[in-house]
Every structure is written in C-alpha cells, then in structure tokens.
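Top to bottom, those sequences are chains D and P.
Quick note, the first sequence lines up with residues 3 to 240 if you use this note's numbering.
Quick note, the second sequence lines up with residues 1499 to 1860 if you use this note's numbering.
Hints are computed from structural coordinates only; laboratory data are not their basis.
Where is the CB? At the ideal position from N, CA and C, for every residue including glycine.
A portion of the hints provided could be inaccurate.
[To be verified] List time: in silico DMTMM-like cross-link candidates among lysine to aspartate or glutamate, alpha-carbon distance up to 20 Å:
#, chain 1, residue 1, chain 2, residue 2
1, P, K1602, D, E142
2, P, K1783, P, E1840
3, D, K157, P, E1627
4, D, K157, D, E69
5, P, K1575, D, E142
6, P, K1593, D, E142
7, P, K1593, D, E69
8, P, K1593, D, E63
9, D, K157, P, D1620
10, P, K1602, P, E1627
11, P, K1593, D, E64
12, P, K1783, P, D1810
13, P, K1575, D, E69
14, D, K234, P, D1658
15, D, K157, P, D1658
16, P, K1575, D, E64
17, P, K1850, P, E1838
18, D, K157, D, E135
19, P, K1700, P, E1551
20, P, K1575, D, E63
[What the hints assert, rightly or not] According to the in silico footprint, chain P covers these stretches of chain D (three or more CB under 8 Å from chain P):
#, region
21, 131 to 145
22, 151 to 160
23, 229 to 240
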Amino acid sequence: MGEYIFAVNAGILGSDFWTGNSWIIEKVLQATWETLYMVVIATALSYLFGLPLGVILVTTEEGHILESKGINRILGTIINAVRSIPFIIFLILVIPFTRLVVGTSIGTVASMVPLTLAAIPFVARVVETSLKEIEWGLIEAALSMGANAWQVINKVLIPEARPSIIMGVAITTINLVGYSAMAGIVGGGGLGTLAYYYGYQRYEDLIMWVTVIVLIIFVQCVQMLGDKMVAKMTNQRR
Amino acid sequence: MSYYANMIGIIKGTLIGEAAHLVEITNLSKIYHTAHQEILALDNVSLSIKRGEIFGIIGLSGAGKSTLIRCINMLEKPTRGSIIVDGQDITTLNKQELHQARQKIGMIFQQFNLLSSRTVFDNVMFPLEIAHTPIKQARQRVGELLEMVGIADKARVYPDQLSGGQKQRVGIARALANDPKLLLSDEATSALDPQTTRSILKLLKDINSQFNLTILLITHDMNVIKQACDRVAVISDSQIVEVGDVLSIFSNPGTPTSQSFINAIVNKDVPEEYTDNLLRTHSDKYSCLIRVAFIGSSAGEPLISSMIKKYDIDANILYGNIDRVKDIPFGNLTLELIGEREAVDQSMEYLKRNGLEIEVIS
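One chain only, chain D, in its complex shape (with noise of 0.2 Å):
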C-alpha cells in the first residue's frame, strides 16, 4: 500500500509511470469493451422484449386500441413484481436459469442474462411512458382512416414516440452500466469486476479511479449520442 502511493506520487508525472503501469491500460480496456459488449447486448435484447411489452401495456389499457383487462392487469403485475427485487439479490435468483441459458453462471456473457431479464420490465415501463405521451388524437384519426390496431401501432405509435423512445434507450443504457458494475461482483466481468478485484479487494486505487473515470465518459458519450439523435429528429419535424 504504503509502496503503491510513493509510486504514484513520485511516478504519476514521470515519463516510467505509464510503462511501469501498462498492464493497467491493457486491463481497464479489455473491462471497457466487455462493459460495451455486455450492456449494448443487453439493451438490444431488452428492447426486443421490452417494447412490444410497452406496447402491449398501454394498448390493453381501458379504452385503448387492444383493451383487455386481464391481459393489463397480469403484465402490469408481472412487471412490478420484477422491478421491486433489488438487481443484486436477482442476479443471484436467476442463477439457476443463466446456468440453463448459457451453461455457465459466470463471465461476460452469463451476466448478459440477468442485465436483461432486469431490464425487460423497466424498458416495458420507459416505452409505455413515452407512448403516453402522443395525443389520443392522432390515434383517433387513423381509426377513423381505417386503420387496424397493428397499423396504429406501427404506423402511429412507434414513430411518433420515436424521440421518446430514444431517450429511453440511452436511459436503459446508462442503467445497464450500473447493473453490469454489479453483475462484476458476483465475477460478471467488465469494468465491475475489475473495479472489485483489483480496486476493492486488492486495494489497487489506481485502478479504481480509472474505472470510474471510464465510466463517467462512457456514460456521458452514452446520454450525449441520445441527445443527439433526439435533436436531429426534432430539428428535423420542426
């Protein structure tokens, strides 16, 4: 420990600092790419859920294009009971099911089982807020076009909520980072795993730090590319 601080005091501005420490560079960035791999894998696979879930809730709801009371009421159940367990206690619930999925309980892509099966309820939850928000007008107006539920929510729906589903992709992202920092823990791989081991359990301060100044630009790239996207979008309506 006591060795560690002189050396990066004395070595942080010396020229052997970063040859003496490469493996560090080698580390956090082998981390950084298992943390992309694992949460964009995760998102894409939530989504592929999770939206037609969204859908699903808010087009059974009283009233609605597809209203069906039963359906809502389970869904909507279902997808409180997942959301109150806390990530950490689920990632070891589903254990049993990783091992059925993937053979494995541990590594990158073990963790990608539990990252999305958490986030499934929540993108359900972000997509039914953003298809709230169009007016019933609109899809008023394409009933009364003739249209038939699957084109409402094709033709309507998804892409007038388009900039609001966006927003909750980068939303789910940045979750997802968080997640996989937990998931790390229980050997999930990434920067989590890293940040534990080496920062936590090894007392690397170095590598802690560095982890979480990684995260920190990923999670800004992450909101920054949704604000993009939003913005062109928008700019482009307007």
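Based on these hints, arrange chain P on the given structure of chain D.
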C-alpha cells in the same frame, strides 16, 4: 371500359333505387357509464342527411354533437339505434367490415391530428397505405390532392412548420385520399381565425360542389353554418331540437336555443338606455319600437320609404344589418315609428302585408 362501368353503375343504381339519403340515423342513444353515474350523451336522435348536401349540427359544448359525429364512424359505440351510411348499417359491422367502411368516411378534426413524424406528403399518403393502395398510384393521388387543397408547394415540409389553415388543408387532403362518400368535420375551423375559417369553408364548399361530396359538420359557431351549410340541426341537451334549411332557421328560429345561436352573430338588440331615452323625448306623440326582418326579394324593395309617404309618419332607423345566408340576402332593421297611433298601426299592417316579419319591442 369506364363507359361500361358507368352503365353498370347506373343500372345498379336504378335497380336498387339508391336512397336519396346518404346517412340515416334512427333512434340513436349513447349512454356513458362512469363509476358513479350514467350520462345520457345522445337521447333518441334521428336525422337524415341527403346526398350532396352540407349538413351542419350546431350545439353548445356538452350538448352531444361531438358524440353524435363520432358515432357515425363508430369512434364512439352507440348504446342503441342504427346508423345507415350508404345503405349499410355501421353499427352492425364486424371489425374487418368496419375498417373497410371507415375508409369511405373521411374525417377532419379541430386539432388537425397530423402525424408530426411524417411530411405533408406522407401524411396524405397515410390513409392510402392503410388501404394498401399500390405505391405508384398512391403517390400520384397524393400529388393531385395537395394540388386540389392548394399546398402542393409544402409537400416536403413537416406539419410543425405549417400554419393552422395549412394544417387543416393537409387534414382535408388526407380525409379525401380514399375517395370518401361522406366527410365528417369535427369542429374543423374552431381553432382557426375568422379569415382562415372562411377560406377553409370555401374549400369545403368547392369540394362539395365539385365532387358532390356529402359533408356533415359540427360546430358551435353559427357563422360556420351561415357560410357553409344547406341544412342545419340544432342539438341541445342530447336531443335534436330543430332541423331545417339554414335560411328558414335564421329567419324564423323555432326554439330558444336556435334563437340564441342566431343572436350571437346577428346583433338585434338596441341598448336599453337608448330606448329609454327615445321614448321620453317623444312623450307627446305615439311612438313604437319595432324590429323588421326581411328575406330575399323584399330586401330589394323600398318598402320603408313608401310606408312613410303613404301613412305620413316618421321612421327613425336605429339599427340595421344585411347578411347573406347561402347567397340569399337576409336582414333586420330596428325602427322607431312616430306619428298618430292609428297611422303607426296601419303602417305596421302594411309591412306585414308585404311579407316582412314584424316584432314590436316597445
């Protein structure tokens, strides 16, 4: 080819005996159920709309007119009654048939309801996509429609960049895309200024006469009825209280509701302090305040002037206006007649004999 199609159409029409009425509403009721009570939005409404006419329904907000127009394309499901549109009872259709039927009933809205994610062109394309029109044909049709409503230059623009009047023109183009037999207008000009309202109503009238398109519009503004409609129904407290030609309702409203709508745009009332003054200044002579309503041809005759000469009385014109309802002059005049009692009575008789409506105010 089209000749034969026409012939077949004509023969079919004669055989079936195409009804004169495009829309036939019979005993229509709508009850909304809320948690605590039932609200009767439409109470046994019956109404017939002729082919090719512009029919207006006027009522205050909450009177049920919005519910009524929404029942016609089943955006609201009626509780009881039947709605026959072009020989087909809309209320008995299954989902698939209803989608088909709706494609032939266009609708325009107060808030325009254009898709912000689509350009003007693609907004008008929307109903054609829904009807699975082949793309080439659809694109050509959109071009024609935009030309017709006068916004062809805005085809590539998004709705957010348009003014209210332009948005409604897009709405009209969109509503006409699938060649509807009936156009429903749900307060389509209520969000527009008077000048834009006039131009939109003119467009609707042009379309009506050019394509013989039947238009059913609802409004709370008698000006809209006056400018555009052939016939009008007055709705009050969920019931139709009066139906008739616009002109006859204007000249002779049969219910207080109709009267109040007309008063809102035709100012007949002379300020009270003014009438008080008048009566005081002529206390030595007999004077009488009357309101004269005239329609059509009598508006052109110098009846007042000849009355003055004939009965040797004075006539003081306090207020007057002339309006046009569907190009027929229609007006009213508030007069103070001053003279011998007998002469005044006789002159009023004279005006009545000549077809004017007279109302004695004081």
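Hint check:
1. At roughly 16 Å between alpha-carbon atoms, K1602 (chain P) and E142 (chain D) fall within 20 Å of each other, so this suggested pair holds.
2. Taking the CA atoms of K1783 (chain P) and E1840 (chain P), the gap is about 12 Å. The hint holds against a cut of 20 Å.
3. With a CA separation close to 10 Å, the supplied pair K157 (chain D) and E1627 (chain P) stays within the 20 Å bound.
4. Proximity of K157 (chain D) to E69 (chain D) is assessed by CA-CA distance (about 19 Å); at most 20 Å being required, the pair is judged to hold.
5. Taken as a hint, the K1575 (chain P) and E142 (chain D) pair is honoured in the structure, with Cα atoms around 13 Å apart against an allowance of 20 Å.
6. At roughly 15 Å between alpha-carbon atoms, K1593 (chain P) and E142 (chain D) fall within 20 Å of each other, so this suggested pair holds.
7. Restraint check: the Cα-Cα separation between K1593 (chain P) and E69 (chain D) comes to about 14 Å, which is no more than 20 Å; the hinted pair holds.
8. Note on K1593 (chain P) and E63 (chain D): the hinted pairing holds, with a Cα-Cα distance of about 19 Å set against a maximum of 20 Å.
9. The hinted pair formed by K157 (chain D) and D1620 (chain P) meets the criterion: a straight-line CA distance of about 11 Å does not exceed 20 Å.
10. The suggested pairing of K1602 (chain P) with E1627 (chain P) holds, with an alpha-carbon distance near 14 Å, which does not exceed 20 Å.
11. Using a Cα cut-off of 20 Å, the hinted pair K1593 (chain P) and E64 (chain D) holds, with the two alpha carbons roughly 18 Å apart.
12. For the hint pairing K1783 (chain P) with D1810 (chain P), the CA-to-CA distance comes to about 13 Å; that is within 20 Å, so the pair holds.
13. Only pairs whose Cα atoms come within 20 Å are accepted, and K1575 (chain P) paired with E69 (chain D) is accepted, the gap being roughly 14 Å.
14. The hinted pair formed by K234 (chain D) and D1658 (chain P) meets the criterion: a straight-line CA distance of about 15 Å does not exceed 20 Å.
15. Between K157 (chain D) and D1658 (chain P) the alpha-carbon distance is near 18 Å, which keeps this suggested pair within the 20 Å criterion.
16. With a C-alpha separation of about 14 Å, the suggested pairing of K1575 (chain P) with E64 (chain D) holds against the 20 Å cut-off.
17. Of the supplied pair hints, the one linking K1850 (chain P) and E1838 (chain P) holds, its CA atoms being roughly 19 Å apart against a limit of 20 Å.
18. Taking the CA atoms of K157 (chain D) and E135 (chain D), the gap is near 16 Å; set against the 20 Å cutoff, the hint holds.
19. Of the pairs offered as hints, the one joining K1700 (chain P) and E1551 (chain P) holds, with about 14 Å between alpha carbons and a cut-off of 20 Å not exceeded.
20. Proposed proximity of K1575 (chain P) and E63 (chain D) is supported: the alpha carbons are some 17 Å apart, at most 20 Å.
21. A count of 7 residues in the region 131 to 145 of chain D with a Cβ less than 8 Å from any Cβ of chain P is obtained; the coverage claim is therefore met, three being the minimum.
22. Residues of the region 151 to 160 of chain D with a Cβ under 8 Å from some Cβ of chain P number 3, which satisfies the need for three, so the listed coverage holds.
23. Using a Cβ-Cβ cut-off of 8 Å, 3 residues of the region 229 to 240 of chain D lie near chain P, which meets the minimum of three, so the contact claim holds.
In this structure, none of the earlier numbered hints is contradicted; all agree with it.
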